[in-house]
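Q: Protein sequence lines correspond, in order, to chains A and B.
Under the numbering used here, the first residue of the first sequence is numbered 125, with each subsequent residue one higher.
Under the numbering used here, the first residue of the second sequence is numbered 19, with each subsequent residue one higher.
Keep in mind that the hints were calculated from the coordinates and are not lab data.
Glycine included, C-beta positions come from ideal geometry on N, C-alpha and C.
Be aware that a few hints might be false.
[Said to hold, decoys possible] Residues on chain A that point at chain B, a partial pick, calculated with CB under 7 Å:
1) C169
2) R252
3) R256
4) S306
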Amino acid sequence: MPKIIIDNQEIECREGIPVLQAALEAGWDVPHYCYHPGLSIVASCRLCLMEMKMPHPKTQELDWAPKLMPSCQTPVRDGMEVRFDSDKVRDNQKDCMEYFLLNHPLDCPVCDQAGECYLQDYSFEFGRAESRMVDQKIKNPKKDIGPHTLLYSDRCVMCSRCVRFTREISGTSELCIVNRGSRAEIDVFPGVPLDNAIQGNVVDICPVGCLLDKEFLFQRRVWELKGGPSICPGCATGCAIRVDQADEKVYRLKPRYNPGVNDWWMCDEGRYGFEYVHDKGRLVHPMIRRGMEKHRPEWAELADICRFRFQEHVQAHGGASVAAVFSPFMACEEAWLLARFIRETAPEATLVTGPVPMEGEAQHFPVGSDEANAKFTILAEKCPNRRGVEMVLEAAGGEVISFESFVEKAGSGAFSAAWITGGYPKPWVEKDVAKLAAKFMLLVVQDLLPNDLMAGAAIVLPARAWVEREGTFVNAGGKIQPFSRAIRAPEGGYHDGQYLYAIAGLEGLYNPGRVRELMAATMSAFEKVADAPAKPAHAH
Amino acid sequence: MATFEPVLMRNVGVEDSTSLKVYESRGGYQAFKKALAMSPDDVVAEVKKANLRGRGGAGFPAGVKWGFLPKDRTRTLLCVNGDESEPPTFSNRVLMENDPHQLIEGTIIAGYATQAQVAYIYLRVEFHEQFHVLQNAVDEAYAAGYLGKDIGNGYKLDIYLHRGAGAYVCGEETGLIESLEGKRGWPRIKPPFPAVQGLFRLPTVVNNVETLSNVPHIIERGADWFTSIGPSHSTGPKLFCVSGPVQRPGCYEAAMDITCRDLIERDDFGGGMLSGKSVKGVLPGGVSMGILTADELDMKMDFDDPRNYGLLGLGTAAAVVIDQDVDMRVVLRNMARFYGTESCGQCTQCREGTGWMHRIATRIAEGAGRIEDLDVLLETARNMGMMPGLSICGLPDGATYPIETIVKKFRQELEEAIRSQPPGRADMVLSVLN
Chain A
125 MPKIIIDNQE
135 IECREGIPVL
145 QAALEAGWDV
155 PHYCYHPGLS
165 IVASCRLCLM
175 EMKMPHPKTQ
185 ELDWAPKLMP
195 SCQTPVRDGM
205 EVRFDSDKVR
215 DNQKDCMEYF
225 LLNHPLDCPV
235 CDQAGECYLQ
245 DYSFEFGRAE
255 SRMVDQKIKN
265 PKKDIGPHTL
275 LYSDRCVMCS
285 RCVRFTREIS
295 GTSELCIVNR
305 GSRAEIDVFP
315 GVPLDNAIQG
325 NVVDICPVGC
335 LLDKEFLFQR
345 RVWELKGGPS
355 ICPGCATGCA
365 IRVDQADEKV
375 YRLKPRYNPG
385 VNDWWMCDEG
395 RYGFEYVHDK
405 GRLVHPMIRR
415 GMEKHRPEWA
425 ELADICRFRF
435 QEHVQAHGGA
445 SVAAVFSPFM
455 ACEEAWLLAR
465 FIRETAPEAT
475 LVTGPVPMEG
485 EAQHFPVGSD
495 EANAKFTILA
505 EKCPNRRGVE
515 MVLEAAGGEV
525 ISFESFVEKA
535 GSGAFSAAWI
545 TGGYPKPWVE
555 KDVAKLAAKF
565 MLLVVQDLLP
575 NDLMAGAAIV
585 LPARAWVERE
595 GTFVNAGGKI
605 QPFSRAIRAP
615 EGGYHDGQYL
625 YAIAGLEGLY
635 NPGRVRELMA
645 ATMSAFEKVA
655 DAPAKPAHAH
Chain B
19 MATFEPVLMR
29 NVGVEDSTSL
39 KVYESRGGYQ
49 AFKKALAMSP
59 DDVVAEVKKA
69 NLRGRGGAGF
79 PAGVKWGFLP
89 KDRTRTLLCV
99 NGDESEPPTF
109 SNRVLMENDP
119 HQLIEGTIIA
129 GYATQAQVAY
139 IYLRVEFHEQ
149 FHVLQNAVDE
159 AYAAGYLGKD
169 IGNGYKLDIY
179 LHRGAGAYVC
189 GEETGLIESL
199 EGKRGWPRIK
209 PPFPAVQGLF
219 RLPTVVNNVE
229 TLSNVPHIIE
239 RGADWFTSIG
249 PSHSTGPKLF
259 CVSGPVQRPG
269 CYEAAMDITC
279 RDLIERDDFG
289 GGMLSGKSVK
299 GVLPGGVSMG
309 ILTADELDMK
319 MDFDDPRNYG
329 LLGLGTAAAV
339 VIDQDVDMRV
349 VLRNMARFYG
359 TESCGQCTQC
369 REGTGWMHRI
379 ATRIAEGAGR
389 IEDLDVLLET
399 ARNMGMMPGL
409 SICGLPDGAT
419 YPIETIVKKF
429 RQELEEAIRS
439 QPPGRADMVL
449 SVLN
């Protein structure tokens with residue numbers, strides 16, 4: 125690994141990366157706009173310039189070059205020496221910041237980006253307090269460029285990240301730069317809006333308040349938001365995301381750097397697909413029925429009721445009469461807890477993998493690429509944890525059948541007790557499934573939204589949305605990825621892991637880490653799960 | 019003083035000089051034959067020995083530039099820079115419209131020396147007539163077997179003409195390359211240099227029209243003849259343009275041992291000022307190099323002396339004379355306006371700085387300047403281009419030299435003009451504008 129010297133400090137860095145990247149990773153706060161590790165390098169913002177020792181063109185002797193060099197464009201060489209802490213560098217940063225703000229409307233009070241804006245941050249840290257510009261500013265227009273995105277071109281710093289994103293990552297090339305000089309602005313071609321399946325990323329990579337998300341526009345000031353690491357449940361890709369919430373309400377999802385999975389990106393379907401979390405019709409409380417009677421149990425007594433009902437049934441009808449359906453929306457820990465309970469109560473029970481929602485075909489980006497050279501992929505499998513659930517069921521042993529054969533067998537009366545988990549963001553119980561309810565003497569339905577099975581259910585358990593739970597998902601590539609809880613379940617109460625923990629007969633409080641320790645006895649893959657989110661590869 | 023025997027312009031004024039017949043009858047395409055009998059490396063060595071410095075403005079030795087091409091390359095492209103976008107410059111135009119075959123011959127020899135398969139001649143869009151003249155000449159050269167397949171020694175070359183879309187920055191070599199590729203004319207970050215990865219990511223040489231027009235003469239008469247013309251560091255004939263209120267504005271050929279004063283006053287050049295006019299300042303190298311005052315006219319018009327006068331370089335050696343009746347505020351605005359509209363908008367300093375300078379200079383010219391504006395202009399000039407390397411290309415350097423030198427050298431006049439404004443005018447104009 126090459127070693128370079130920044131400000132007289134030697135650091136070790138990865139081969140072939142730019143000096144800027146090496147400095148960022150080693151903890152230097154180097155201002156930059158146009159550089160993004162996921163995009164090509166244009167070296168146009170000129171903010172990251174540093175002093176470097178270069179071989180003299182004539183004598184080849186190393187000496188400080190008279191020019192400042194763009195650190196984003198200069199790859200690290202072993203033994204090279206650069207200077208960030210210098211007056212020359214600081215002067216350039218000051219000048220640049222004045223230029224960036226020359227035509228900027230300074231409308232932070234009404235700007236969505238305020239609080240996470242790199243114009244604000246860098247002006248404060250590297251800029252000068254006052255602008256000497258007294259003339260009229262150029263007022264570039266505010267543009268509606270697509271179904272989800274607004275472009276306030278007066279706030280733009282012309283870093284061209286968004287343009288490069290649409291050219292290099294999405295491959296759709298909707299954005300371009302029009303006009304020259306200080307009148308240059310970002311625009312779309314006439315009649316071709318910014319409308320592709322991963323366009324939301326341009327808002328994320330915009331370092332300033334130029335590109336804004338219509339869904340989030342004026343919803344909340346960003347400093348009131350609290351972000352928690354999570355995994356997107358939208359498809360089997362399993363993008364690492366951050367859930368930004370305030371007052372137990374999810375406001376937006378943002379991608380988190382996750383090399384090899386989603387890198388820096390996420391798709392719009394995942395980004396905007398969380399409305400169901402705040403659906404008014406969601407199940408909130410558990411419900412118990414015996415005969416015609418219905419009542420709402422206390423959370424604390426729920427475990428005992430469930431355990432008792434199943435033991436009672438197994439004693440009367442035998443363990444083989446029990447089936448449990450495991451939804452691919454369950455976390456691995458939850459599936460393991462439920463499987464443990466079912467296997468303990470009824471060792472001969474049948475375990476069923478829940479229906480896997482499929483939509484269309486996998487979409488690879490840039491458009492036109494295939495699986496081998498895609499930079500980003502949206503999978504057709506619209507659930508987060510089919511593989512995890514399958515791993516857990518396999519480890520649990522015994523018979524595991526598909527949902528189709530479960531429907532068939534249950535239809536012919538093979539099971540008289542069933543635990544059916546859902547948690548799908550869309551209604552999933554078809555007519556042929558709904559009519560199975562009549563076949564069971566004991567039916568537990570655990571779901572997010574009301575479904576037609578519930579009419580015949582003895583116990584209804586509210587499943588929680590993934591932002592209200594914690595555990596791990598296993599993505600299409602077999603990577604076990606932890607997600608943490610961002611908000612509380614509506615009206616409080618237990619989330620799935622908590623009540624399943626008690627139902628499985630474990631003592632104390634649910635803790636996914638502790639459950640994984642138990643799981644590791646039979647599934648070594650769960651011994652060590654990267655709990656901490658990957659270190660961000662760049663500042664922004 | 020002996021009259022200079024024209025080299026580059028020897029066919030200018032000859033009847034039907036654009037035709038192949040006339041060009042050949044006056045000794046044309048002899049260098050072509052001589053060059054193709056030599057090895058490519060020998061051609062490069064000869065040009066290197068002649069120390070032919072690029073006539074486009076930067077003065078980089080052409081032979082050295084050719085030497086940067088990687089040895090193991092399989093394909094090479096040659097671009098001929100005929101963008102000629104520097105404001106008062108028209109020497110390439112004179113060469114192209116009067117003697118297109120000289121350029122084509124130079125292009126073929128340069129192509130042979132660099133083993134290029136294809137040469138592109140990039141013309142600014144405004145060169146309509148020159149385009150047709152050149153295209154006719156290229157067609158003639160194809161018909162005569164000077165271009166196309168196996169033109170001698172197993173070498174083949176195709177020449178294509180390409181017309182730009184009207185941008186100053188496309189005269190910068192990587193801007194030109196981007197434009198040739200059909201993209202926005204944004205200069206590229208270097209490295210990689212064009213010699214390694216240029217047009218279509220292939221090794222590319224970009225040379226100016228005038229530079230290549232010199233090549234046939236070097237081959238024909240030898241490097242020693244070439245170095246005998248002019249001072250040792252600025253060898254060979256050079257075209258100079260003179261414009262403004264002089265008796266004989268136009269394009270003249272001379273060795274680079276003349277002074278700026280010669281260019282204006284000598285009878286075989288500018289022929290002195292129009293009656294009743296006197297020199298106030300001269301922009302001697304196209305506008306981007308900066309300004310000379312009337313006291314500095316003894317500057318030598320070579321590649322190195324302009325540095326001693328606070329200028330960026332020789333540039334395109336096109337002098338614009340400014341007479342005593344011209345308000346320097348207007349000159350300042352004119353300069354600033356040009357760069358404000360021609361900055362490509364890529365690098366921050368240049369994009370915002372040129373626009374800002376334009377607005378300040380406009381206000382000063384409109385009689386609403388403030389003394390501190392001059393300091394802001396100087397400061398902006400310093401942090402845009404005077405400190406080199408802050409931007410991808412040299413445009414901001416060129417944008418700041420005229421501004422900086424005008425403000426520095428004519429500060430007294432500018433300050434007097436600002437002080438003589440009605441009191442409160444600047445504040446009033448500003449409040450109306452904002």
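Q: Please go over all the hints and tell whether each is borne out by the structure.
A: Right, here's what the structure says about each hint:
1. A cut of 7 Å between beta carbons decides the hint on A/C169: the least distance to chain B is about 6 Å, and the hint holds.
2. The interface hint given for A/R252 is broken, as the beta carbon of that residue sits about 11 Å from the closest beta carbon of chain B, more than 7 Å.
3. A hinted interface residue such as A/R256 counts as satisfied when its beta carbon comes closer than 7 Å to some beta carbon of chain B; here the least separation is about 5 Å, so the hint holds.
4. Here the hint on A/S306 is kept, as its CB sits about 3 Å from the closest CB of chain B, short of 7 Å.
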